[in-house]
Structures are given as C-alpha cells and as structure tokens.
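S.K.: Given next are the chains, with one letter for each unit.
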Amino acid sequence: MKWLIFGPEIYFLAVAAVFLILSMTRPNRRRDFSAALFLASLGVAVTLATIRLEGSLFHGAYRIDLFSQLFKGLLSVGFFLVVCLCSSLSGIHEARHSEFYLLLATCTLGMMLLVSSLELLTMYVALELASYSLYALVPLRSGGGQQMEAGIKYFLSGIATSALMLFGLASLFAATQTTLISELILKLPALLNTPMAFIGLLLTLCGFFFKLALFPFHIWAPSVYQGAANQVTAFVATATKVTAMAMLVRLVSMGNGNTSLAHVLIALAIVSMTYGNLVALVQKDFKRLLAYSAIAHAGYSLIGILSMNPTGYAAAVFYALAYLAMTFTCFWVVVKIASDGRDVPIVQLAGLHRRSPLLAMALMVGVFSLGGIPPTIGFTGKFLVFNAAMERGYFLLVLIAMINVVVSLYYYIQVVKAAFLLAPDEELPPIHLSAPATILTVVMVVVIVVGGIWPSHLFELARAAVQALL
Amino acid sequence: MSMELANFPYLSAILLSCVVGLLVILFIPREREALVKGVSLVFSGIALALSIYLYCAYDRTIGGLQFVEKLLWVEPLGIHYFNGADGFNLPLILLTGIVHFTGVLTMWELRGRVKEFFAFAFVLVLGVFGFFMSMDLFFLFVWYDVSLFPMYPLIAIWGTTRKEYGALKLFLYLLAGSALVLPGILYLAVASGLHTFDIVALMQPGALTPGQQRFAFVLFYLGFGILAGVWPFHTWSPVGHVAAPTSVSMIHAGVLMKVGAFGILRVAIFLCPIGWEFWAPVMAVLATIGIVYGIFVGLRQTDLKYVVAFSSVSHMGIVGLGLSTVTAEGLNGAVFQMFAHGIMTALLFSSLGYIYDKTHTKLIPDLGGMSRVMPVASGYFIVAALAGMGVPGFASFWAEVTVFISALKVYPALGVLAICALVLSALYMLRVVQRTFYGQGNERYAHLRDVSFSLGLPRMILVAVMVLFGLFPRLMLDLIQTAVIPFMGGLPR
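Chains Y and V are the protein sequences, given in the same order.
Residue numbering for the first sequence is 1264 to 1733, as defined by the numbering used here.
Residue numbering for the second sequence is 69 to 561, as defined by the numbering used here.
One or more of the hints may lead you astray.
[What the hints assert, rightly or not] Chain Y regions said to be covered by chain V (calculated; three or more residues, Cβ under 8 Å):
#1 1639-1649
#2 1658-1664
#3 1668-1676
#4 1713-1725
Calculated from the structure, these hints are not laboratory results.
Just so you know, even glycine gets a beta-carbon here, dropped at the ideal spot from N, CA and C.
This is chain Y alone, in the form it adopts within the complex (with noise of 0.2 Å):
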C-alpha cells in the first residue's frame, strides 16, 4: 500500500510504456490521439485523486506533500491540455506521432519525479530525464529547417547550464556534505556567506533559470519557441515552466531569507522583465512574441520568490497556476488559427473576430491576463507577487515591475489590434470549433475571469501547499 502514494509516477511510466508499444506498431494518426486522450484525461484522474495523500519514499530523499501534489496534479492538466491541442498534429510527421506522446510522458513523469526530490541526485537525474526528453521533442518538427537550429541550440545550451548546475550541486555538496535537502536547510542558512556555499546554490538555481528562461539564460527561447512544432511549444511555455517555478520555490527556500542571494534574484528579476518587453516590442511572430512575453514573465515569478517570505512563495505557486491556464489559452488560439501547423505572425490574426468571435475573445482575455488587466487571474497573480515584494519593503522593485507592465501592454494590445480591428488582406474562412473545443474555449476564459474574481479558493490552497513545504 505504501506505493501508491507513488501513483501518478507509475500511472506515467505506463503511459510512456503504452505509446513506446504503439510506436512500433503501424502509424494511425486517429488511434494515437484517441489513446493518448483517454490516457491523459485518466492522468488527471489519478493525479488528483493522491493530491491529499503525504509521505515518504527512498529513505527521505523522495517525499510527497501537498507541494509536490499540487504541482503534480498542474503537471497533469498540462499533459492533458497539450494533448488536447493534438486533434490535428499537422506540424509532426504521422509516423512519429506515437514518439510524440511517447517523449510527452516521460518527459511529464521527469518533472513530476522532479517536485517530489528531496535529494540533490535525484532533483539531477529527475531533470534530465525531462530535459533529454524536450530535447528529442523539440526538432520533431516536419518541413523547415529552423526547428533543427532550435534544437541544436536548445541542446547545447541545456547541456551548458547542466555543467554549471552539476558544477554548483558538486560545490553544495562539498560545503555541507550532504545531498538530502532536509540535512541542507539545516545547514546551509549558517553557511551561505561562505562563497561556495553560496556560488553552489546559485549555481544550482541556473538549471532552473534555464528552464524558467531567465535572463541570462534566455537564449533558447525565441527559437525554440519559433522553431518548435505549436504544440511542443505549448508544452515548454507551460508544464516546464511551472516545474521550475515550483523548484526555483524549494531551492529559495533554503536560503532563509539571506540578503544577498535576494540582491542577486533582484538584479536578475529586473533585468529579465527589462529585456524580455523591450524587446518583445518588436516582434512580428506571435509564437516569438510570446517567447520574450515568457523571459518577462520569468522575472514577474521571480519577484515572488525572492521575497522569500510564505506569502511571496504562495505567491508564487499562485502564479505558476495562473501563468499554466493564460499561456495555454494563448497556444490554443494559435493551434485553432494554424491548423497546418505553421507559425502564425501576429498580422494573419487579422479578422479573427470575424473568423471565430469565441476565439478572438478567448485570445482577447489571454492577452490582457498576461498583461496583468483585471479581473483576470494574471492580475490577481501579479497582485499577489507585488503584494509581497512591498512586505519586504522592495517599494522600487514593484515600481519597476509595474512600469513594466504599462510596457508590456503596448504589445499585447497590438496583439489585440489584430484580432479585433486589422482588415485581413484575404478574406480567410470561418473557423469552425467542434462542440468539445468550443467547450474547452469556454472553459479556459471562465477559469482566467473566475480565477481573477474569486481568487481565495486557490490562494488558500497556494498558502496550504507552501505550509507544507516549509
């Protein structure tokens, strides 16, 4: 019985188990989707139904919390929102749907292993099982050739911020002679204004940095984002982000509120949403735009994590939710406008509210939740992450974000521009969604209006899951 607070990571094995069967069986576009579908929809399932479960596994070194649950349970919806945006997959070749899905849950299983890791070792090798897994998906693309540069650079600087994370994981272990996180926040508060344990856990945080493509760690993003297929990208712009939020809030954690570790998050925060708005100001793509939106982002979650105080990191888990349900909704747009699969320039929006008025809209509210305009749960998310930072007294630091902010608007209006207002230069024809797509549209702008108006439920279950990370 003590395995089965260890369900949702066999649940995914299976399903990796499943689809590595169906590919080497003949292709069917139909089969894999239906299949994958069904299997997600029961990962949510399962996942969900373990999300009060608590204990631990592997001689403390895997442990399973609220925490890791709520993320788990985010992972899972990921999982099964990205397979929703598979109905079509014309960005992929058929013979390699089933690898697809394939690499899609063991990637998902990386990062739920990854939430739950108590250990240096483990957090590792969870991580790159992730990673290896992004990278094979991440060049899947048919046609082109800029999701080969995608890949590659992806790679090689994946492998780069590997280096240095082994490098700092190496350097934590030396300072404090342990890899078990529980021995670590013991010992490391006393010892991080000693360089290496210092250098170590910032070292540590890169890999997360990557992955949250924080500036500097940033350079992957606007390719991979351009270069992918539409629905990999979807996948790396939600579920990865979340799973590094959530471990950027365990490594933080340990800090306990040392001042320098915060000076050097500041620095970064500030530079990250500085550079990610600028330049997103000029994108012409709307996958690239998102891209820069995302290294922006990136600096916004920060904020709440660097306040290192129980609401800032509540703040934070509140944000990885609500950061999950508006990019997606933006993804789904695009994958409904690009139903071949190519890249979708902001300009070919055009027309939209004529194409699909539910689409435009559910564009419209994704948009403005990123940009942080209520009643959406992007602004309710930024309040929250502000709120904290000004208990810290970072009065400027809020200042700057907001100005950012105003920034930032300028090009999600532009995004908005487009869909509402531009003339498109062809009359292009009606989108049409399916009954369980216009469902599912319907859905994500109620959970982004809701989720903003009624934000208590989730901010509570946030501070609940923080409690039992502390």
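Dock chain V against chain Y, hints included.
M.R.: Same frame as chain Y, but now just chain V:
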C-alpha cells in the same frame, strides 16, 4: 465580521444590472441589432433608476456611509468586497447612470458591430460604477482598470479622427497612471501595518505617519491625475476625446475623467490628508495652469470636438482648484463641478455627435448657419455652451461660483487669474457659437433634417438635469455637505 449587508444590496444591484446586461448581449445573435439596443436601454435604465433611488433614499440627517455592503473576500490579504454610498460618491453614481442611459439613446442609430459596441460599453460602465462605490483599495483598483481597457477597442474600432493613435495613446497613458497607483495601494497597506485594503480602516488618524502620507499622496495624485486630465498629463485627453465615437466621448469626458478626480479625492485626500495639505499649493498651481492652458489652446482650434475637449481640460482644472483649497466649500464645489461638468460635456458631445453624423464634418469654417437648418439640434449645443460659460440657471454656475469663492480666499492671485481666463473663454465660446450656428449658411447642408423627438430625447434629459440642479442647487450641495463637514472636521490640524 464576515458579512454585513443592508436589507437590499442596492449598490451591488447596480453592478449586477451591468453584468446581466453584458451577459444577455453576449448571447444575442449579432444580426439582431435592434434587440441589442433594446436590451442595453433596459439594463442601463435599471441602473439609472437604482441610482436615482439611492440618491433620493440616502438619509441626509444621518450622513456617513449608507447602503453598506461588506464581505470578506481574501482573508489573508485583508481584501473586502466593500461598497458604500456617501455624499461624495452619490452625485457621481447618479451622473454615471444618467450619462450611460443617454449615451445608449444617443447611439441608437449606430451601424456595424453593434453587439460588440454595447457589450464593451457595459464593461466600461461597470468599472466606473464599481470604482465610485468601492470602499476597498483592491477593488477600487480592479474597477479602475476594468473601466480603462474597453476604451481601447471602443475608440479604435468605432472612432473617427486618428482613432488608432488616439486609442493607443489614451490606453497607455491611463495604464501608466495605474503603474503608480498599484504600488501606492500596496505601500499604504503595508506601511500602515494594518495589512488591509479597507479605506475606512486606513482612514483612522495615525494609521500613517506624516512622512508616509506626503510620499503616498504624490503617487496617487500623479497616478489618478493622469486620468483626471491634470496639466501636464492631459495630452491623451483631447486626442482621445476627438477620436472616440459620440457616446464614448460622452462617457469618457463626462464620467471617466471624474474617475481620476474622484480617485484623488477618495484615495489621495481621504487617506493622506497631511500629504494633501502639504502638496495643496502645488495642486493649485497645476490646476490653474490647466484652466488657463486649456482655454488658450482651445482658442486656436477649428475642430469643434477639439474645442470641447480643451474646454474639458480647463473645466477639470476647476475641479482640481477646488480640491486644492483644503476648505469645505472648495471640496463641495469640486464634487458639484464633477457632476455639473459631466452632464454638460455629455450634452456638448451628444449634440455635436448629431451634427457630425449628418454633416460629416466638425470643422467650424465648414459649418455655419446651422441654426437655420437644424434649430433644435443647434439649440442643445448652444445651451451646453452657455452652461460651460457658467451662465446662471445651470448647475455648473453654482459649482464654479463655489469653487472660485473658496479659491479667492485661499489663493487670491491664482483665483483672479483663473476667473480672467474664464471670461476670455466665454467670449471665445460665443464666437464659436456665432460662426457655427449663425451667419452665412453652407449650401451643402441645407437639405438636412433636424433632430427628431426620439433622437433628441437624450439631449432633453441632459438639459433637464442641468436646469434642475441649476435652479435647485441645494438638492446636491446639501447632500455633498453631509460628507464634507464630518470629513473636514476630522482632519488633524
């Protein structure tokens, strides 16, 4: 205390009528344009009826906050859903109700994307109503932003002159204001040590030190000042007014600029009274520059809408001047001026809208002799222009007199300067009226029809309201006084 509800939540009912109106419109097929307009009229009518009821039912002998609705929203952060009505916000709630209702009537002939227009308009008005009645800083900010973002599509889609530029400029300017307001709100909640966003709790004397008040006041004054059209942050406003379609100009100049001025009153002045007294001279100078500048720039305009837009800048300067006197009369006059100017500008834009719809020009040299072609439509504009000059018999006369009397006591030099400028503007307005509506007529427009009774209805309502409060100013001044006296009495001196 988790819940405190009046026997019937009238204030929330106003918000609800906007939300329900919005939802109903969203479910109407887009081809049924007449139905969309009818539904808009019904729900804006309900909101108007409720706001009239509140205005009359408010108990002036007791004063204070009435019709209070308070619900705990997010406990760990001290956020409440907290609405209340007092002498400060009731005139503005009434104003919003009137302007939205007449705005819907004014747009009765709208063609093209009707459904979206009225849907966005409901979102806008929802935000404005919420902002005026909210007594919690978090919700205040939420409503503030809710009222701003529909402005972009409303102007950019249905607007006229340089509409995309105007819409974008307006949107970014106003949200830049919110970039100062949000840190300010968080600063107040944290610096006071109360960790609440409840305005009543934060108003307690001693919640904030004088230094904190002086600092926070600047943030709020600048942040809301942008929306209130305070010189030198007004530049978005003429461009935005001119670009906007008629009813949006009405709501925008009539109501939205008051959101800014009311924000200064409700947040900056209420919560940082020491900062208010400290910065009042600066406010007075900026307000006077705004009055004089608006008039002189208005002198050079040939576009009627620009004339009205710059007169708005100077009239909002009068509100600012009233607020900066730190006297009971000044506050009273400022709030009354917000109301009077709202009605007057709505009428100006509304009557201008009819002329523009028919002639497709708003350039003064192109028009001329319009009073012979469409005497009734011209009449509305002339009445509004007279009200704008401060002619007795209209609400704005009392508002301006009250403000100037208190300004002359506190800042004699600035007061005299502002009055001289206003006299000049009266002369100019008369010339605009003469050139546009009298004199040589333009042959091209000779065949145009005058405004019909049903289309004239919104203008009639606005004129009636102006005259009502012009003849019986105490209907409003006494109400505002119930809020001003306790507030000024409670100030730390």
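S.K.: So, against the hints stated earlier in the document, which numbers end up violated here?
M.R.: Result: no hint breaks.
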